[in-house]
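Asker: Sequence:
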Amino acid sequence: MRNVKKVEELQPEQEKRNNAGVNKSLSVCYNYLYAIILIKQGN
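With full-length UniProt numbering, the residue at position 37 of the sequence shown is 37, and numbering never jumps.
These aren't lab readings, by the way, just hints derived from the structure by calculation. Among the hints, erroneous ones may be present.
Label pairs and their computed distance ranges (CB to CB) [as the list claims (entries may be wrong)]:
1. Gly42 - Gln11: 42 to 50 Å
2. Gln11 - Ile39: 37 to 45 Å
3. Glu15 - Ile36: 40 to 48 Å
4. Gln11 - Gln41: 28 to 36 Å
5. Lys40 - Arg17: 34 to 42 Å
6. Gln11 - Asn43: 42 to 50 Å
Idealized CB from N, CA, C, for every residue including glycine.
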């Protein structure tokens with residue numbers, strides 16, 4: 001039972017890290033898109 005509890009405690013931390021990674025890559029994609037839109041509007 002102790003092992004099960006440890007796994008449950010570890011999972012949220014892993015999910016947080018995964019979400020942070022996803023958010024970082026998403027924000028990078030949005031920054032590229034935003035830059036492309038600005039450049040197209042400027043021309």
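Asker: Indicate, hint by hint, whether the structure satisfies it.
Answerer: Outcome of the hint check:
{"no.": "1", "hint": "Gly42 - Gln11: 42 to 50 Å", "in the structure": "46 Å, holds"}
{"no.": "2", "hint": "Gln11 - Ile39: 37 to 45 Å", "in the structure": "42 Å, holds"}
{"no.": "3", "hint": "Glu15 - Ile36: 40 to 48 Å", "in the structure": "32 Å, violated"}
{"no.": "4", "hint": "Gln11 - Gln41: 28 to 36 Å", "in the structure": "44 Å, violated"}
{"no.": "5", "hint": "Lys40 - Arg17: 34 to 42 Å", "in the structure": "35 Å, holds"}
{"no.": "6", "hint": "Gln11 - Asn43: 42 to 50 Å", "in the structure": "48 Å, holds"}
Hints 3, 4 from the earlier list are contradicted by this structure; the remaining hints agree with it.
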